[in-house]
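Visitor: Chain by chain, the residues:
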Amino acid sequence: MTTVIDVQHLTKQYKDKTALDDVSLTIEKDTIYGLLGRNGAGKTTLMSILTAQNFATSGQAHLFGEAPYENADVLSRICFVRESQRYPDDATATHAFKAARLFFRNWDQELADRLIDDFQLPMKTTIKKLSRGQLSAVGVIIGLASRAEITFFDEPYLGLDAVARQIFYDRLLQDYAEHPRTIILSSHLIDEVASLIEKVIVIDNGRILLHEDTDALRGRASTVIGDAAKIEAWADGREVLHRESLGRVASVTVLGHLSDADRAAIAAADLDLAPVSLQQLIVRLTQNAAHPESTTSTMAGEAR
Amino acid sequence: MIDEGRPLFIQIAETIEESILDGSLAEEAQAPSTNELAAFYRINPATAAKGVAVLTDKGVLIKRRGIGMFVAAGARGILLAERRTSFAEKFIDPLIAEARTLGLDDDDLTALLRERSARFEGAENAASTEGNHP
Amino acid sequence: MSRTLNVVRLQLINKNTFIWVPLIVLGGAMLVSVLIYAMIPGDDPKYGGGGQAPLWVFFSVGLTAMTLTFPFSQAISITRREFFIGTMLSAVLGSAFMGVLLLIGGGIELLTNGYGVNGWMFHLPWLWEAGPLGAFIVYFTLALFFFVVGFTGATVYKRWGATVLTIASIVIALVLVGIAFLVTRLELWGQVGQTFGQLGALGLALWGLVVTVALMGLSFLAFRRATP
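Chains as they are written, first to last, in the working numbering: chain P, 433 to 736; chain S, 23 to 156; chain E, 114 to 341.
None of these hints come from the bench; they were simulated from the model. Hints should not be assumed to be uniformly reliable.
Claimed, not checked - Using 27 Å as the maximum straight-line C-alpha spacing, the simulated DSS-like pairs for lysine-lysine come out as follows:
1. P:556 - P:530
2. P:561 - E:159
3. P:560 - E:271
4. S:85 - P:662
5. S:85 - P:461
Unchecked claim - Derived, one-sided and incomplete: chain S residues facing chain P with beta-carbon distance under 10 Å:
6. 27
7. 30
8. 31
9. 32
10. 56
11. 65
12. 67
13. 112
14. 115
Unchecked claim - Derived Cβ-Cβ restraints for the label pairs, each shown as a range:
15. P:558 - E:323: 35 to 41 Å
16. P:558 - S:41: 49 to 55 Å
17. E:156 - P:558: 45 to 51 Å
The structure presented is a predicted model; accordingly, all values stated were derived computationally and were not measured. Here a beta-carbon is modelled for each residue, glycine too, at the ideal position from N, C-alpha and C.
Model the full structure from these sequences, guided by the hints.
Guide: This is the structure:
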């Protein structure tokens, strides 16, 4: 597979915070990535630096083999619409799309028109006066219709209701199927995008926690529930991500693939097995990274 | 429905295998394209492609250039053979384990097997005769 | 080059920015001025500063070019250089448009003899000393200067924050006051007045153009590392 983005030891240091800490990674061509992490983990900072909108303190990033800063050849092939993107004073959506059309060589007006229709975007209202959802829709439409070879979506769904989000995901997949390109989608709603993304990058406190195929992560962890004593016994020697207990019932989430034999043993011991969704896995891994193995809860509630 | 705990591409492959086994997707018929699968399940086309690739590797699906994906002749046979191999491990072994827990020996197990099998066939016959009424 | 020209087209997508708003503000200033002139008794020529109204529009446009249009340009992958040059070009075109409006306004005033009330806001004598071309250059330079000041101020603000901007403004003000103080102490006002008189509006405007271009240069240096 071809690498389109190459990041080496990227660090972004602010006075009181390290936004990115020695980040190295490569992004492959024509693949949809999920860039996942908490608020302030460094997702937007990373994407800003990659698109030369922000500057690294040290380290390098190359897109299509070149540095992006003031590089029209590289920049014209990428698109990054931020979460709270600003638009020219008094501009309407019509103005914004006309502008985008001037600079994206692959801009598809037909696609833009279809999306405008899908999102029911008012074209003559000034962007200032649009609702949060409509504002997000403008950004989403620019991102999709640009057909840029590398497209970044920075939490694009903020403000979009569930219906609109589904429209976005559907159109994204459809267009990606017909016009494959590299897409990097940052999101909180991990389970919603889980089936869209081919690879997962988890960033936490400026560091890369995880960088894998999504499918490889499914089944990476399991939750076993049952009698507390049996659970303790079963979990002994395994890598535990999370424990919970309620009276005599306990649940434990462990890392590691379970073989058929394991499953049989669990069933035989009268314990229950529950799958761990991508979101749960990432949440647990992130919590674990912050507070290694002290994630115990005796409150009722989720074995989620 | 999508199972969170297992790779998607495997689930896609299994769904297609199921439809071949139960006859709804006939041998030599055209199989759904990667894009169709992706759109239907709302998943990444690359994942759908991986699932299809699993089946092409097994010889269950074949690609006809310029036309699309087709179910191979003998695909059912391949799948049945595969299933039989894992049948013992997947179903028989847990059965034996549970039987032992309940204190059933091999003879008890065999007797149970015959009894339930007879009942099973009886139910199937009833269902099909009912179905034959106009 | 074509991308830079596309930035000019970008700035002109919304005709309000460089064309309609300045025009409307100018029209409004004209109306207000004429009404005021009409109310003043007597036949002496009346001169007013209504013409400066659109200049403040240019200041505001320069400001928002940096605070709003620049972040947008980053989203659609325009380089900083392309954006800067294209935007300055647009400002030049817009300022030229203002210059033309001045000439038209002056023409109207001449034809109507000050709107029939001997009131003048465009055809001010010292402005037109060097003829229509001179007047054009003066107004052009003023508009461009206001734009660049707005743009530069916003750039300083975005790069280094409000504190630095305030301090810089105060320092500039102090320097100007300091110069005035020196001139007063050294009793040079006579000479200053003479020089200005010799230069005339056109001469001052040309110097103003030099200052504006210098300011553009400084602005670009700060702009190169600005983040949206």
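Visitor: Now look at each hint and say whether the structure bears it out.
Guide: We went through each hint and held it up to the structure:
Our distance criterion of 27 Å between C-alpha atoms is met by residue 556 (chain P) and residue 530 (chain P), whose separation comes to about 13 Å. For the proposed pair residue 561 (chain P) and residue 159 (chain E), the alpha carbon gap of about 43 Å is over 27 Å, so the pair is violated. This hinted pair checks out: residue 560 (chain P) and residue 271 (chain E) have alpha carbons roughly 21 Å apart, not beyond 27 Å. For the given pair, residue 85 (chain S) sits about 50 Å from residue 662 (chain P) by alpha-carbon distance, which is inconsistent with the 27 Å threshold.
Distance restraint check for residue 85 (chain S) and residue 461 (chain P): the Cα-Cα separation of roughly 24 Å lies within the 27 Å cut-off, and the hinted pair is therefore satisfied. With a least beta-carbon distance of about 3 Å to chain P, the hint placing residue 27 (chain S) at the interface is held under the 10 Å criterion. Look at residue 30 (chain S): its Cβ gets to within about 6 Å of chain P, closer than 10 Å, so that hint holds up. Against a cut-off of 10 Å between C-beta atoms, the interface hint on residue 31 (chain S) holds, since the closest Cβ of chain P lies about 6 Å away.
Here the hint on residue 32 (chain S) is kept, as its CB sits about 8 Å from the closest CB of chain P, short of 10 Å. For residue 56 (chain S), the suggested interface contact is upheld, since its CB lies about 8 Å from the closest CB of chain P, less than 10 Å. Look at residue 65 (chain S): its Cβ gets to within about 4 Å of chain P, closer than 10 Å, so that hint holds up. For residue 67 (chain S), the interface hint holds, since its Cβ comes within 10 Å of a Cβ in chain P; the closest pair sits about 5 Å apart.
Nearest Cβ of chain P to the Cβ of residue 112 (chain S): about 7 Å, under the 10 Å cut. The hint holds. For residue 115 (chain S), the shortest C-beta to C-beta distance to chain P is roughly 7 Å, which falls under 10 Å, so the interface hint holds. The beta-carbon spacing between residue 558 (chain P) and residue 323 (chain E), approximately 38 Å, falls within the hinted interval of 35 to 41 Å. Distance hint for residue 558 (chain P) and residue 41 (chain S): a CB-CB separation of about 52 Å, consistent with the stated range 49 to 55 Å.
Distance hint check for residue 156 (chain E) and residue 558 (chain P): the Cβ-Cβ separation is about 47 Å, which falls inside the suggested range of 45 to 51 Å.
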